[in-house]
Amino acid sequence: AQRVTQPEKLLSVFKGAPVELKCNYSYSGSPELFWYVQYSRQRLQLLLRHISRESIKGFTADLNKGETSFHLKKPFAQEEDSAMYYCALLYNQGGKLIFGQGTELSVKP
Amino acid sequence: DAGVIQSPRHEVTEMGQEVTLRCKPISGHDYLFWYRQTMMRGLELLIYFNNNVPIDDSGMPEDRFSAKMPNASFSTLKIQPSEPRDSAVYFCASSLVSLLNTDTQYFGPGTRLTVL
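Sequence lines, in order, name chains A and B. Under the numbering used here, think of the first position of the first sequence as 1, with each following residue one higher. Under the numbering used here, think of the first position of the second sequence as 1001, with each following residue one higher.
Think of the hints as simulated: they come from the structure by calculation, not from any bench. Even glycine gets a Cβ: it sits at the ideal position worked out from N, Cα and C. Treat the hints with care, as some may be off.
Simulated restraints on C-beta separations [to be verified]:
hint: 1; chain 1: B; residue 1: K1078; chain 2: A; residue 2: P18; range: 38 to 48 Å
hint: 2; chain 1: A; residue 1: T68; chain 2: B; residue 2: M1015; range: 36 to 46 Å
hint: 3; chain 1: B; residue 1: G1016; chain 2: A; residue 2: E20; range: 29 to 39 Å
hint: 4; chain 1: B; residue 1: G1003; chain 2: A; residue 2: E79; range: 21 to 31 Å
hint: 5; chain 1: A; residue 1: S30; chain 2: B; residue 2: H1010; range: 36 to 46 Å
Simulated pairs of lysine to any residue, SDA-like, Cα-Cα distance not exceeding 25 Å [said to hold, decoys possible]:
hint: 6; chain 1: A; residue 1: K108; chain 2: B; residue 2: G1042
hint: 7; chain 1: A; residue 1: K9; chain 2: B; residue 2: S1087
hint: 8; chain 1: A; residue 1: K73; chain 2: A; residue 2: P109
hint: 9; chain 1: A; residue 1: K22; chain 2: B; residue 2: K1068
hint: 10; chain 1: A; residue 1: K9; chain 2: B; residue 2: K1068
hint: 11; chain 1: A; residue 1: K108; chain 2: B; residue 2: M1039
hint: 12; chain 1: B; residue 1: K1068; chain 2: B; residue 2: R1041
hint: 13; chain 1: A; residue 1: K22; chain 2: B; residue 2: M1040
According to the in silico footprint, chain B covers these stretches of chain A (three or more CB under 8 Å from chain B) [stated by the list, open to error]:
hint: 14; region: 58-72
hint: 15; region: 100-108
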C-alpha cells in the first residue's frame, strides 16, 4: 500500500544547527515526492519537489530509492524555519497526494 | 489571483447541525481537493474532483459527509449531521495538470470547524 511516514512529530533544534526532517515512503511505482510547509497562520504551500532538484530557502531533499527515503535537510536552521512540514507522495498523475503525518520544526534562538 | 478561497474561515456549531463548507478554486485549475487536518491523523484527503467530476471519494469518512462541485469555480463539503469528532481544519486545494507542472497543489486558508 502507498504510505508516507514521518517518524518525528516534533523536532526542536537551536538556531544555526543542522536540521533533518525524515520521510520514508512505500510505493510500488516510480515515486514523485514533495515537501509542503505550513508556517504559523499561513496556508500550506509547496516547498520543493524532488524532480526539480532545487534548493528552496536553503532546504534540499534527495530521493533515495534504495532506502525509500526523501529526507529534508538544511545545514543551518533559522528561527523563521519554524513551521509544520509535510512530506507527500504523488499517487497518480491526477494529482492525488498522500501526505505524511507532518513534523513540527521548532528552531530556538 | 486571490488564490483558493474558502468560507467560512471559522465555524462553530452544535452537534446534529448541518455544516456547509465552501471553496472557490484558482481560475483555470481542473483539479479540486478536500482535506481534513487533525492533530491525531494529520492531513487526510477526503475527496477530489477533476473537471467537476468526483474521481476518488474513498477518504470520505462516512455517509454524513458529502461533496459537490456544480461548476468549475465552486465546491461544497457538507456534513449532516455534524458530530464533535468532526472538529478539524478543512482545507480545499486546487491544481492544474499540465505537461510542465503536473501536480503542485495550491491550498486555501482552511476552515476551522468546531462541533460542540
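Against the structure, the hints:
K1078 (chain B) and P18 (chain A) have their C-beta atoms about 46 Å apart, which keeps the hinted 38 to 48 Å range intact. In this structure the supplied range 36 to 46 Å holds for T68 (chain A) paired with M1015 (chain B), their Cβ-Cβ distance being about 42 Å. Checked against the hint of 29 to 39 Å, the C-beta distance between G1016 (chain B) and E20 (chain A) comes to roughly 46 Å, which is inconsistent with it. Roughly 26 Å separates the CB atoms of G1003 (chain B) and E79 (chain A), a value that falls within the hinted 21 to 31 Å.
The hinted window of 36 to 46 Å between S30 (chain A) and H1010 (chain B) holds, with their beta carbons roughly 41 Å apart. Restraint check: the Cα-Cα separation between K108 (chain A) and G1042 (chain B) comes to about 24 Å, which is no more than 25 Å; the hinted pair holds. Among the hinted pairs, K9 (chain A) with S1087 (chain B) is consistent with the structure: their alpha-carbon atoms are about 20 Å apart, no more than 25 Å. The straight-line distance between the Cα atoms of K73 (chain A) and P109 (chain A) is roughly 19 Å, inside the 25 Å bound, and the hint therefore holds.
With a C-alpha separation of about 36 Å, the suggested pair K22 (chain A) and K1068 (chain B) falls outside the 25 Å cut-off, and the hint is violated. Using a Cα cut-off of 25 Å, the hinted pair K9 (chain A) and K1068 (chain B) is violated, with the two alpha carbons roughly 33 Å apart. Only pairs whose Cα atoms come within 25 Å are accepted, and K108 (chain A) paired with M1039 (chain B) is accepted, the gap being roughly 22 Å. Pair hint K1068 (chain B) plus R1041 (chain B) holds up; C-alpha atoms about 24 Å apart against a cutoff of 25 Å.
In summary, the hint linking K22 (chain A) to M1040 (chain B) is supported, as the alpha carbons are separated by about 19 Å, within the 25 Å threshold. With a cut-off of 8 Å between beta carbons, the region 58-72 of chain A has 0 residues touching chain B; three or more are needed, and the interface restraint is violated. Requiring three or more residues with a Cβ within less than 8 Å of a Cβ of chain B, the coverage given for the region 100-108 of chain A holds, as 3 such residues are present.
Of the numbered hints given earlier, the model fails hints 3, 9, 10, 14; all others are met.
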